[in-house]
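Chemist: These are the residues of each chain, in order.
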Amino acid sequence: GAVVSQHPSRVICKSGTSVKIECRSLDFQATTMFWYRQFPKKSLMLMATSNEGSKATYEQGVEKDKFLINHASLTLSTLTVTSAHPEDSSFYICSARSARGTLYEQFFGPGTRLTVL
Amino acid sequence: QKEVEQNSGPLSVPEGAIASLNCTYSDRGSQSFFWYRQYSGKSPELIMFIYSNGDKEDGRFTAQLNKASQYVSLLIRDSQPSDSATYLCAVNEGYGNKLVFGAGTILRVKS
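Protein sequence lines correspond, in order, to chains A and B. Under our numbering, think of the first position of the first sequence as 1, with each following residue one higher. Under our numbering, think of the first position of the second sequence as 1, with each following residue one higher.
Just chain B, with the same shape it has in the complex (with noise of 0.2 Å):
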């Protein structure tokens, strides 16, 4: 079963501070990797993707990703209350076109 971790939260971050949100996954054959931001009770929106090692920035929105290590994080500069809601990652299974998430973590960020 592959899997992809992240730690629930909340992470609370003061307005104006940069929230880094982590990922773990298991399937070394993933490609491709999403960020999503999920507001309650509505459904998932596409923030960023990466497929390559390193990072890559667009806007407030940084990803970095490690596949050696595993690992892809979200970093969100200047966070406003807005950022509040729930943030899924996402890596493509194998060669597959199914994304497997992880449950999530909650970032509130305090005015």
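One chain only, chain A, in its complex shape (with noise of 0.2 Å):
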């Protein structure tokens, strides 16, 4: 039980495009869902927490305006990365917490690696 996937796993584009990433919580429903970042060999830096039915809560120093969160169903958050630029390639990580489970668990989906040309 409690897993999370992520599409696409890996994505290339160019610089000044808009990528989409799904996150779908699959056997359970989420309430709240999570973004994070992480650049390489450097920790998980949280970018916004999403609650299904109402807007994101941004961290401090993220552009909300270039990196659109929707939460539309218990199931289901997107994050998308608008006019993508090279310093925005990372990996990018998902992560749910269930209505049903220990106060603050979360489950992370595995995760997808953005590259920005």
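No lab work stands behind these hints: they were computed from the structure. Any given hint could turn out to be false.
Said to hold, decoys possible - The calculated EDC-like cross-link candidates involving lysine to aspartate or glutamate, where the alpha carbons are at most 20 Å apart (straight line), are:
1) B:K56 to A:E105
2) B:K98 to A:E59
3) B:K42 to A:D88
4) B:K42 to A:E105
5) A:K66 to A:E87
6) B:K98 to A:E63
Take each chain as given, in its own frame, and dock them per the hints.
Modeler: Next comes the structure, spelled out in structure tokens:
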């Protein structure tokens, strides 16, 4: 149980284009989903927290107009990187918290590696 | 800014030995503590969580929590080469949903 999927697993795009990443909880309903970014040999950095049906809460320094998050249902959240640039190249990971799980436990998706040329 | 500190390592132990990973945190209001394992190029996977002071054992893993000292540790008994990974300590931020992650400790188990 508690499986989270992400799609795509890897994407390469040209500078200036937009990329959408999907995060799905496959066998549970996720009241809250989180989006992280991880640069090589660095730890996870929380970008935003999204609750189903409401606007995402972004961490300080994260541009909400650049990283659009939509949490339309209890099993799906999307992150759209708009007008991507090479500095946006990173490993993007989502996690989901179950409505029935332990209070703060998060289950991670497999991640999406974004390369912007 | 809430902080979680870990020694970056690498921590090298021989196969079969006990690996001890340590973590300190700054937020006294934290209630929940997690250890995640992350293999290179992969996303983190949850190993253990602990809420109460003391020890919690699960197979070869033991998590230890000391809230007074703001210290949490992970012991891995009978370490195997497959345990070689980066271990991330995570702490919930106050009473919120968010987890704050440490930078991780690289563990290398040599056969």
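Chemist: With reference to the structure, classify each hint as holding or not holding.
Modeler: We went through each hint and held it up to the structure:
Of the pairs offered as hints, the one joining K56 (chain B) and E105 (chain A) holds, with about 16 Å between alpha carbons and a cut-off of 20 Å not exceeded. The straight-line distance between the Cα atoms of K98 (chain B) and E59 (chain A) is roughly 11 Å, inside the 20 Å bound, and the hint therefore holds. For the suggested pair K42 (chain B) and D88 (chain A), the alpha carbons sit about 19 Å apart, so the restraint of at most 20 Å is met. Distance restraint check for K42 (chain B) and E105 (chain A): the Cα-Cα separation of roughly 19 Å lies within the 20 Å cut-off, and the hinted pair is therefore satisfied.
This hinted pair checks out: K66 (chain A) and E87 (chain A) have alpha carbons roughly 13 Å apart, not beyond 20 Å. At roughly 19 Å between alpha-carbon atoms, K98 (chain B) and E63 (chain A) fall within 20 Å of each other, so this suggested pair holds.
Every hint, counting from the list given before, is met by this structure.
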